[in-house]
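Join the two chains into one complex using the hints; note that each chain is given alone, in its own frame.
Those protein sequence lines, which keep their order, are chains A and B.
Under this note's numbering, the residues of the first sequence are numbered 432 to 938, in order.
Under this note's numbering, the residues of the second sequence are numbered 28 to 202, in order.
No lab work stands behind these hints, which were simulated from the structure alone.
Don't take each hint at face value.
Derived coverage of chain B by chain A (criterion: at least 3 residues anywhere in the stretch with Cβ under 8 Å from a Cβ of chain A; other residues may be distant) [claimed, not checked]:
#	stretch
1	29–35
2	50–62
3	190–201
The calculated label-pair distances, taken between Cβ atoms and stated as ranges, are [claimed, not checked]:
#	chain 1	residue 1	chain 2	residue 2	range
4	B	Asp127	A	Leu711	29 to 39 Å
5	A	Gln757	B	Gln197	41 to 51 Å
6	A	Lys479	B	Ile189	29 to 39 Å
Backbone N, C-alpha and C define an ideal beta-carbon position, used for all residues, glycine too.
Given next are the chains, with one letter for each unit.
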Amino acid sequence: MAIRPEEITSIIKEKIEKFDSSIDVSEVGTVIQVGDGIARVYGLNNVKASELVDFGHGVKGMALNLEYDNVGCVLMGPDHLVQEGDVVKRTGEVISIPVGAGMIGRVVDPLGNPLDGKGAIKTDKNMPLDIVAPGIIDRQPVKQPLQTGLKAIDAMVPIGKGQRELIIGDRQTGKTAIAIDTIINQKNIPENERCICIYVAVGQKQSTVAQVVKTLSDFGAMEYTIVVSATASDPASLLYIAPYAGCAIGEYFMWQGKDVLIVYDDLSKHAQAYRQMSLLLRRPPGREAYPGDVFYLHSRLLERACKLSKENGGGSLTALPIIETQANDVSAYIPTNVISITDGQIYLESSLFLSGIKPAINVGLSVSRVGGSAQRKTVRKIAGTLRIDLSQYQELAGFAQFGSELDKESQRQIARGKRMTELLKQNQYAPLKVGEEVLVLYAGTHGYLDEIEVTDVLRYEKELLAYARAQKQDVLDVLNQASELNKEVEEKITSVLDAFKTVFKPA
Amino acid sequence: MNSSQRMAAKRYALAYDETSPSLAQAQARAQELFSAVQILAGVSVPMQSPRISSVHKKLIINETLRDWPHAAAFINVLIDAKRYHLLPEICKWVDQLLDDRRGISRAVVTSAKGLSQAQQEAARKALSARYGKTVEAVFKTDPALLGGLKITCNGELIDGSIAHRLEKLQEEITK
Chain A
432 MAIRPEEITS IIKEKIEKFD SSIDVSEVGT VIQVGDGIAR VYGLNNVKAS
482 ELVDFGHGVK GMALNLEYDN VGCVLMGPDH LVQEGDVVKR TGEVISIPVG
532 AGMIGRVVDP LGNPLDGKGA IKTDKNMPLD IVAPGIIDRQ PVKQPLQTGL
582 KAIDAMVPIG KGQRELIIGD RQTGKTAIAI DTIINQKNIP ENERCICIYV
632 AVGQKQSTVA QVVKTLSDFG AMEYTIVVSA TASDPASLLY IAPYAGCAIG
682 EYFMWQGKDV LIVYDDLSKH AQAYRQMSLL LRRPPGREAY PGDVFYLHSR
732 LLERACKLSK ENGGGSLTAL PIIETQANDV SAYIPTNVIS ITDGQIYLES
782 SLFLSGIKPA INVGLSVSRV GGSAQRKTVR KIAGTLRIDL SQYQELAGFA
832 QFGSELDKES QRQIARGKRM TELLKQNQYA PLKVGEEVLV LYAGTHGYLD
882 EIEVTDVLRY EKELLAYARA QKQDVLDVLN QASELNKEVE EKITSVLDAF
932 KTVFKPA
Chain B
28 MNSSQRMAAK RYALAYDETS PSLAQAQARA QELFSAVQIL AGVSVPMQSP
78 RISSVHKKLI INETLRDWPH AAAFINVLID AKRYHLLPEI CKWVDQLLDD
128 RRGISRAVVT SAKGLSQAQQ EAARKALSAR YGKTVEAVFK TDPALLGGLK
178 ITCNGELIDG SIAHRLEKLQ EEITK
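Only chain B is shown next, with the shape it has when bound in the complex (with noise of 0.2 Å):
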């Protein structure tokens, strides 16, 4: 995907979002275009397919999604402007401006081994402390870190894993 599709889903994806005024809605309409894009997921091929004319295609989305309107709509307007392979994309952005509205930072925890349910709340209370959202996080197990806990959120890499420490100090021991 180029530069310019991924500003064009970004901008699809602002889209659907502000026609949601409420937070409540917003959620709603974005599950019910999660759960349209699972349903649509095996026809994606005939979908992108130009031997299908887009009359059908509407056909086929309008009655697939006869409880979604708003998400069929959406989907229609996708077919029309032959973006329907950037879905997937928008997607991943509707969730993440959901997340802003929400006031949510996502993170990935990863450690050597499993941590604790109480390790775990921790993290997360810290990591909310320091970027003052929430933050969800994601728990993920490394063996090759040895110890400590690499953290990636924000847009922030937070590294405080042995393998990092070692890293390091070989690079300043070889310099």
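Bound-form chain A, shown alone (with noise of 0.2 Å):
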């Protein structure tokens, strides 16, 4: 775009007339002491908690220990900036972050400073980011599905529209693959169902975060995406702002009516970090070094997604929270916090992980709280017993082992339980739509797989969709609508197996 000189000293004129040149008074404070991103300063008598201080040099921090004769902060920037004597002003804000559907497609800091070198963000609107979650009144239950794409998550372990589902697991377990996988699907649903999705990277490495960005713009899912980033090498003060912010942001779109999807990737690291800073503000130390206020740092953001009732736009925020266990370890402290807050878990065990299975789910511990009622009823006829079945098969084949004698009804119950836990596996990167999701469950859970071998239950998979793709899409397309399971559908459900077993050639 071509700069007008007279433009810009309109803009200039414009700015210099409406500035504001009256005398500033501010009350203020000095630093005694600055250090490990912890400034103490005297003065600031009456300084409110949580409120924003400026400390010159475009440091901005935030007052959280009140003290009987100086305030503790966090700075928001570098700490060799501040020195000590410098002058603390107060500001009489909280902190903020601007929202708007400029944000879209946008890789942000927490302070909402783009990072992406796509030039300032356009927003009309600051949200604060601490607030208090909407109340009973106005709320809904949950009882949309989103889908995620992943079969073995939609069929058992669903997941509703304004649920908090933790994602829990050690490194390299396939946690963020499963929050991104959700992203990408979110392509295959049509624009008025969509989730405008934000994913919040808390203290992960820029080259990961790069990755993520680059996965999801690859896959066109930075359209609807906005990517909060507080990495590694950030202040603790940006981690533990991180969730807050990407919240923030989503609720705006939230109170607009429209569906939310919010993945905080991870929160163990965001625990982390606000342990740093209650230690070097010296608070006090209680259970593995955290302050006692963990979880309340956690509920309270949690608690912030929700269905929103009709009269307030029906719309929802749904918190796909990550956790990282350190060897399965799910009895650690903020584990345990984040499980009991949430509703449902999906674990990941990196056993699994090793012996093939992907998405390497743990079926027996997994658990959707509130997501069975928001459910598809296509999805909930086909794979309602799915989870037990899979959980007692996985007992069965642990006692199949020992190399007794098994009766028919578990040798059939074991070889069904191969097939499906074969069935289940799917690349990353490739989230299916519901009705293709319909159709395999269908074939494994009906029998279809029976007569196959468990090596060729992939590729049969593979071959049904791309047959199912180029010939049946007419079927695919009911099936992507149908609300019910009725006998109509159905039908054309077996003729499509049917057909296809014709053309399935065994190995």
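Printed below as a string of structure tokens:
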């Protein structure tokens, strides 16, 4: 775009004319100690908790500890710019972030500054980061499904719009992959039902965030996604506010009646950042050296996920917090906290991952506490007992390893279980549409795979989908739309499967 | 000096101040303490040395401050509590507490050029009216302000300097 000099001059002229040249009166204090991202300030007698204070040199801070003779602040910028004796001003504001449609498709830091080099972000509103979650009257029960595009999750641990579903597991078990696939899958969903997605990266490597952004762009998912990034090299204070910033951006859309999906990746690092700040502020340490209010830290964040009532526009905010465990220990402090706050968890296990089951979901320990009522009726009817059947299979399979002879029923159960486990495997970045999921799951639960070798199951699925997409798109379209699995729909499914039976060549 | 030391200094100062029931007495005793600190400035290193026993330290104090028994008693208490090093900080607080008793606020008024007597008086009056207290102002000059006044008083910064307004304008335009 050509720059029009007269326009710039006029802007400057307007700014000068509107410039408020009245005398500034501000309450001030003096820095008495600074270091490790923390400053202690003498003065600021009337400062309020969580108020934003200005240290000059472009560095802002947040007043967190109001003590007898000083105020403990965390710095939101480099601490080497602040020196002992510097003047600190009150701003009278709490920390807030610009929100609006202009944010979509952008990568921002937790203060709303763009990080993607695509220029300034045009927004019309600022929202405070830390607000109280909507109350009971403002909400309605979670009852709409949120499709992740992953067979195993949509069938066994369904997620509803407005739910909080924890993704938990060791490092390298595919936690982020599930979240990213869910974001990519929104592309498969008609625009009016599609979620606006927010990916909040807390304490991750810059390279990892860059990779995620690239993946999302490659799959065209950045069109409806916002990435909020506070990487490992950022001050702990920014890591601390990042999830709240993401949530505030999401809430703006939610109150406009839109559906929002937010991924907090991950809250273990968030808790660690908060622990660092708390210890440096000399707050007393508790279990695992976390401060006493670390539960509140996460509960007040996750409480903000909700499905608004019709009067409020019916928007929703679905949260997918991620927690990284150490050596599969879910009974550590932060995992138990977040498990108890959320409405269910998807538990990923490294042993499953290493034995080739991806997504490596532990069926027995994964659960969705409200998603059942939000599951699509078609999927629910087909996969209703799948979770229990599979966990029974795993128990039986363990027992069968001892080589004991099994009765026919148990053998059948094991054979079905093996095939279903195989069928629920899914590649990364390949989310399925609902219709495709219904078709594949129906084949599995209704015995179409029983005569097929276990090693052939994945090929069967691949070829079935290719066949249906090429020749039976009309059936898939019906299945995508179908709200119930009535006789008519079921007949359509069986006709496709029967027809495919003749095409498929076992190895 | 860390936070707990500052807090301790304030407590000692408060105790010293509260030993004087009347304003006149408080003023006299504060003056005593300030003079004592001035006299003892030369011996501050030996007074904090662990090699000299507290008995000897007290002897020195009682001998030097013979005419000011109250200040001497106070410093003896500090020596017993091993808090002698807090003396300068305590003096600051005593001064502050005395100001509170007298209803006085201190202000620092900075201007680009020196102010005339009449201007200084006007500034003092305006500040007294604003805070409802007698304001004792110290006047400084700083050419970098370019013009206008910059006043710190009562934990507030009143910045009407040209330099600050230009900074604000720059911020506004570059935003």
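Okay, the hints, checked on the actual structure:
1. 29–35: holds (count 4)
2. 50–62: violated (count 0)
3. 190–201: Coverage by chain A holds for the stretch 190–201 of chain B (6 residues, Cβ < 8 Å).
4. Asp127(B) <-> Leu711(A): 29 to 39 Å: 33 Å, holds
5. Gln757(A) <-> Gln197(B): 41 to 51 Å: 50 Å, holds
6. Lys479(A) <-> Ile189(B): 29 to 39 Å: Since Lys479(A) and Ile189(B) have Cβ atoms about 32 Å apart, the given range 29 to 39 Å holds.
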